[in-house]
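Chains as they are written, first to last, in this note's numbering: chain A, 312 to 476; chain B, 312 to 476.
There may be inaccurate statements among the hints.
Since copy identity is lost for identical chains, a pair holds within one copy or between any two.
Stated by the list, open to error - Computed cross-link-like contacts, BS3-like style, restricted to lysine-lysine with a CA-CA straight-line distance of at most 30 angstroms:
no., residue 1, residue 2
1, K403, K322
2, K471, K403
3, K450, K403
4, K442, K377
5, K352, K339
6, K332, K443
7, K377, K403
8, K322, K377
9, K403, K456
10, K456, K332
11, K456, K352
It is worth saying that the hints were derived from the structure and are not from the lab. It should be emphasised that the depicted structure is a prediction, and the values quoted were computed from it without experimental measurement.
Protein chains: 2
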Amino acid sequence: MVQGTATSGFKVFNHTMIRVKDPKVSLKFYQDVLCMEFIDKLEFESFTLYYLAFDHSNGADTAEAKSLGRTGREGVLELTHNHGTESDPEFKGYSNGNSDPGRGFGHIAVSCDDVEAACARFTSLGVNFQKKLTNGKMKNIAFIKDPDDYWIEIVPGHRKAGDMF
Amino acid sequence: MVQGTATSGFKVFNHTMIRVKDPKVSLKFYQDVLCMEFIDKLEFESFTLYYLAFDHSNGADTAEAKSLGRTGREGVLELTHNHGTESDPEFKGYSNGNSDPGRGFGHIAVSCDDVEAACARFTSLGVNFQKKLTNGKMKNIAFIKDPDDYWIEIVPGHRKAGDMF
Numbered sequence: 312m313v314q315g316t317a318t319s320g321f322k323v324f325n326h327t328m329i330r331v332k333d334p335k336v337s338l339k340f341y342q343d344v345l346c347m348e349f350i351d352k353l354e355f356e357s358f359t360l361y362y363l364a365f366d367h368s369n370g371a372d373t374a375e376a377k378s379l380g381r382t383g384r385e386g387v388l389e390l391t392h393n394h395g396t397e398s399d400p401e402f403k404g405y406s407n408g409n410s411d412p413g414r415g416f417g418h419i420a421v422s423c424d425d426v427e428a429a430c431a432r433f434t435s436l437g438v439n440f441q442k443k444l445t446n447g448k449m450k451n452i453a454f455i456k457d458p459d460d461y462w463i464e465i466v467p468g469h470r471k472a473g474d475m476f
Numbered sequence: 312m313v314q315g316t317a318t319s320g321f322k323v324f325n326h327t328m329i330r331v332k333d334p335k336v337s338l339k340f341y342q343d344v345l346c347m348e349f350i351d352k353l354e355f356e357s358f359t360l361y362y363l364a365f366d367h368s369n370g371a372d373t374a375e376a377k378s379l380g381r382t383g384r385e386g387v388l389e390l391t392h393n394h395g396t397e398s399d400p401e402f403k404g405y406s407n408g409n410s411d412p413g414r415g416f417g418h419i420a421v422s423c424d425d426v427e428a429a430c431a432r433f434t435s436l437g438v439n440f441q442k443k444l445t446n447g448k449m450k451n452i453a454f455i456k457d458p459d460d461y462w463i464e465i466v467p468g469h470r471k472a473g474d475m476f
């Protein structure tokens, strides 16, 4: 692929947005279980957007720098909360995209140095698994579920030639 | 949030996976329209995974480095092709997550230096818009649609205090 001048402004796959029923529950999960940082929030009349990401500045970036830098970086998760779903008895929950009807979106993925240690920690925290390391053919990846049942793949950060993940 | 030693191995929000009907059509879109690079492929018996990302090495990384580095970086898009959907007359297409039933996933986002120029280019390429810059309240963001109708937000890479995007 040739990048011409008209396209050279493109730079980052910035974020992925999923809707969540209850932001308190989801923010706790993504911060405490997955160790992402809350970096920004936009409040509108009927919905609020929450942004999370991993800090790659070793703590050097200020909160303002993280907020302003939110659209210029990769790896941002946007959680959309439509006000009221958290306490609406009629609300049926969101689709995680992995069954019909509604199949399409599959998952997000977080990589880490030690998947076994990560999964042991998830187990100790009572996290639900979609696929444990011992399930299925691929013994080096796992899938956990977030509070809305979205799948999160846990994958080794280091690959060598021939690795099928 | 305190990151303990048990969690310090976590590092990146690595990828987002969506299913696509026809990989030829989708790969062409993500490469030619969004200027992402194809960096890796994993073939299984009944499905194939295609990986795309933006190159941040200014062309310095080899193809092997991009493939092996795929799980250690952020901003990777994984396209899952379940073999046969591209030519199955019974296949109804995937849900983009933005209407019931199936609502949940919302979109992915790509940021760039000049959203107006980007949108003019999309128009010249015949890309479908979910929201043009001139539609709605937010005049500085647009949403285009990929070949499976997944929404892709086009957002400015630079924010200043008070920007509501």
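(message) For a quick check of understanding: which of the numbered hints are violated here, in increasing order?
(response) 1, 2, 3 and 7
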